[in-house]
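**Q** Place chain G on chain D using the hints.
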Amino acid sequence: MAEDIIRFRDDPPHEEPVVSVDAFLDQTNATAVRIEAGEDARLLVPYLDRLALIEIDFPRFRDGRGYSSARILREAGYKGEIRASGDVLVDQMLFMRRCGFDSFAPDAPIDRAVLDAALNRYDYVYQGAADDAVPVWKLRHG
Amino acid sequence: MYRYDHFDQAIVDARVDEFRDQTARRLAGAMTEDQFKPLRLKNGLYLQLHAYMLRVAIPYGTLNSRQMRMLGHIARKYDRGYGHFTTRQNIQYNWIKLQDAPDILADLATVEMHAIQTSGESIRNLSSDQYAGAAADEICDPRPWAELVRQATTFHPEFSYLPRKFKIAVTASPEDRVAIRLHDIGLRLVQNDAGELGFEVYIGGGMGRTPFVAPLIRPFLPADNLFSYIEAALRVWNRWARRDNIHKQRIKILVHDMGEEEFRRQVEEEWEAILPNASDVERKELERIAAHFAPPPFETGLSDEIDRSDPDFALWVDQNVAAHKAPGYAIVNISLKPVPGIPGDATADQIDLIADLAEQYSFDDLRTTHAQNLVLPHVRKADLYAVWQKLSAAGLAEPNLDLATDIIACPGLDYCSLANARSIPIAQKIQARFIERGNVNELGELKIKISGCINACGHHHAGHIGILGVDRKGTENYQLLLGGSGAEDASLAKITGPGFDEDGIVDAVEKTTDVYLRERREGERFLDTYRRIGVEPFKEVLYG
Chain D
1 MAEDIIRFRD DPPHEEPVVS VDAFLDQTNA TAVRIEAGED ARLLVPYLDR LALIEIDFPR
61 FRDGRGYSSA RILREAGYKG EIRASGDVLV DQMLFMRRCG FDSFAPDAPI DRAVLDAALN
121 RYDYVYQGAA DDAVPVWKLR HG
Chain G
1 MYRYDHFDQA IVDARVDEFR DQTARRLAGA MTEDQFKPLR LKNGLYLQLH AYMLRVAIPY
61 GTLNSRQMRM LGHIARKYDR GYGHFTTRQN IQYNWIKLQD APDILADLAT VEMHAIQTSG
121 ESIRNLSSDQ YAGAAADEIC DPRPWAELVR QATTFHPEFS YLPRKFKIAV TASPEDRVAI
181 RLHDIGLRLV QNDAGELGFE VYIGGGMGRT PFVAPLIRPF LPADNLFSYI EAALRVWNRW
241 ARRDNIHKQR IKILVHDMGE EEFRRQVEEE WEAILPNASD VERKELERIA AHFAPPPFET
301 GLSDEIDRSD PDFALWVDQN VAAHKAPGYA IVNISLKPVP GIPGDATADQ IDLIADLAEQ
361 YSFDDLRTTH AQNLVLPHVR KADLYAVWQK LSAAGLAEPN LDLATDIIAC PGLDYCSLAN
421 ARSIPIAQKI QARFIERGNV NELGELKIKI SGCINACGHH HAGHIGILGV DRKGTENYQL
481 LLGGSGAEDA SLAKITGPGF DEDGIVDAVE KTTDVYLRER REGERFLDTY RRIGVEPFKE
541 VLYG
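If you read the sequences in order, they're chains D and G. First residue of the first sequence? That's 1 in the numbering used here, and the numbers climb one at a time after it. First residue of the second sequence? That's 1 in the numbering used here, and the numbers climb one at a time after it.
If you are wondering where the hints come from, they were derived from the structure by calculation, not from laboratory data. Just so we're clear, the structure is a prediction, and the values are computed from it rather than from any experiment. Don't take every hint at face value.
As the list claims (entries may be wrong) - Each pair of labels, with its calculated beta carbon distance range:
no.: 1; chain 1: D; residue 1: 111; chain 2: G; residue 2: 140; range: 47 to 57 Å
no.: 2; chain 1: D; residue 1: 10; chain 2: G; residue 2: 99; range: 35 to 45 Å
no.: 3; chain 1: G; residue 1: 356; chain 2: D; residue 2: 4; range: 57 to 67 Å
no.: 4; chain 1: G; residue 1: 269; chain 2: D; residue 2: 23; range: 26 to 36 Å
no.: 5; chain 1: G; residue 1: 27; chain 2: D; residue 2: 119; range: 16 to 26 Å
no.: 6; chain 1: G; residue 1: 175; chain 2: D; residue 2: 10; range: 54 to 64 Å
no.: 7; chain 1: G; residue 1: 27; chain 2: D; residue 2: 16; range: 40 to 50 Å
no.: 8; chain 1: G; residue 1: 28; chain 2: D; residue 2: 11; range: 35 to 45 Å
no.: 9; chain 1: G; residue 1: 429; chain 2: D; residue 2: 40; range: 49 to 59 Å
no.: 10; chain 1: D; residue 1: 17; chain 2: G; residue 2: 247; range: 32 to 42 Å
Each residue gets a CB set at the ideal place from its N, CA and C atoms; glycine is no exception.
Isolated chain D, as found in the complex (with noise of 0.2 Å):
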């Protein structure tokens, strides 16, 4: 339900339904596609200017194939929504920011003043991602 998805865009929430990765594959004209976990990102490459919405399944929170899978989709340069959907936990969130998600269908309410707290607590980042996040060796020499 739309109203329980937390997004971190400014564009209109897609409307149309997701399909399968091998739906998408049969029939390309679609413009959202589900990733379950164990599926190869990399199949979406070649498809990513048209489409809207990619949303990766986590089936546990331990499973943590879907951050790669967010990772390559940014690394390839891909600029719409990539939502993470299923058990998707509150101290999970700034991972999966970081790696290239921008919003959230966790299948339990996420209590937002945690998720703001989270979001916010660390000032500075060890290592470059798919965020706008500059590490600190960079900015140890300016």
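**A** Only chain G this time, still in chain D's reference frame:
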């Protein structure tokens, strides 16, 4: 050694705040134990048999006296007056209360320490050579790269929910004191023909229930590309490792299942793909870090003479003191294997004393080793006698480095919720047996390693003699393994046959060493003799 700047300090302080918040939410019931568990594990907090255990990171085994004193303070204030140095060069405390953990982290942060990623499915504290900066055989100090990797892997957003734990070791010496080929990634600094620095990259080693010696995946990786290559390997593993069976999820299983060739191809391909975005740290940052590891101001013109007139001192010098690259200096090993004692344990008072010695005699520099001992890396030979006297008075001068009584043992069933059998009492009984026989020195280098379950925290696969505790129909049973090595001649020990009970394993170890004494040739260590004659002569006396 490395000192935090305000960036490092801000990150560690934020982590204390974050963990305080997470602990408060758990204690308030806003989080389930299932949800909290990976979070506390990423901060080194385990729930053990009797209490919480907190594992504190000692990055690449280097610390100063101020940090060491803080470890003593934590032992006194929050534990029962002692700490346990681990085979990962860390320290752990076995009697911690959950509600105290945030305060302990806050105390640690005041001395630039933390417990970040000391457990859980994360990139663990990286281990390195305890003789770094002092060893005569290193091509340069490996610790600047170790610190660079420490920073780059701390809170890595893509690699914080990995299939399993991930351990990296780095050395710059041909003599391997950190068991690089028994790590997920083992790195050895080398120079190519053009004189450029690079790494031999070994991937897919490990112990645990399915041990492997890591294959060489890349013979020469330019040193400037170290981190992007590690990221490529991590990404291949994170994407394609099994997630259906916790025992099959380490990178060693993927390398084995995929095959060395295919794994190498995929890592190289991934590396090519990410190089355009590479997060490799520029050399000026490496140089900034390296400046922290500049050699201390060694005095020149010192004598290499050591007065050996005290025989007990001379014995200790011969066994526990190693050659230093600077004339007039020596490397002092402090054995944490007193006879009898608990391998790796130190009391708060001992910790304080060692801190004092490091400050007074070793340029404020102190190391931990994967063999659960400590090192004063830079001691003037002229000071050795004074250092030895102070260590002796504190019960810290056991002259047994790498000998049969210098036994690695995991905490075992006395503390650990995973264990099937006790380890510490077995280590003590074996020590006592050799002391009774009086042949510890005659046996020479003999690495005995004991694990209380197949997870192999006591490194039994890498023991010249390894012992594995198992549960057989409700009673503790001990398997004997022979021929392992974690050194540059890495090999995995093999099980000799049926296991033994508690007293039987002690007899078996003794019989094994008798075969060695009977069969050895001039200059052979136990391991050399075993490799030459094979397991059969040992089986004959054990089961014949």
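**Q** Compare the structure with each hint and give your call.
**A** How the hints compare with the structure:
{"no.": "1", "hint": "D:111 to G:140: 47 to 57 Å", "verdict": "holds (50 Å)"}
{"no.": "2", "hint": "D:10 to G:99: 35 to 45 Å", "verdict": "holds (43 Å)"}
{"no.": "3", "hint": "G:356 to D:4: 57 to 67 Å", "verdict": "holds (59 Å)"}
{"no.": "4", "hint": "G:269 to D:23: 26 to 36 Å", "verdict": "holds (27 Å)"}
{"no.": "5", "hint": "G:27 to D:119: 16 to 26 Å", "verdict": "holds (23 Å)"}
{"no.": "6", "hint": "G:175 to D:10: 54 to 64 Å", "verdict": "holds (59 Å)"}
{"no.": "7", "hint": "G:27 to D:16: 40 to 50 Å", "verdict": "holds (44 Å)"}
{"no.": "8", "hint": "G:28 to D:11: 35 to 45 Å", "verdict": "holds (37 Å)"}
{"no.": "9", "hint": "G:429 to D:40: 49 to 59 Å", "verdict": "holds (54 Å)"}
{"no.": "10", "hint": "D:17 to G:247: 32 to 42 Å", "verdict": "holds (39 Å)"}
Every hint from the earlier list agrees with this structure, and none is contradicted.
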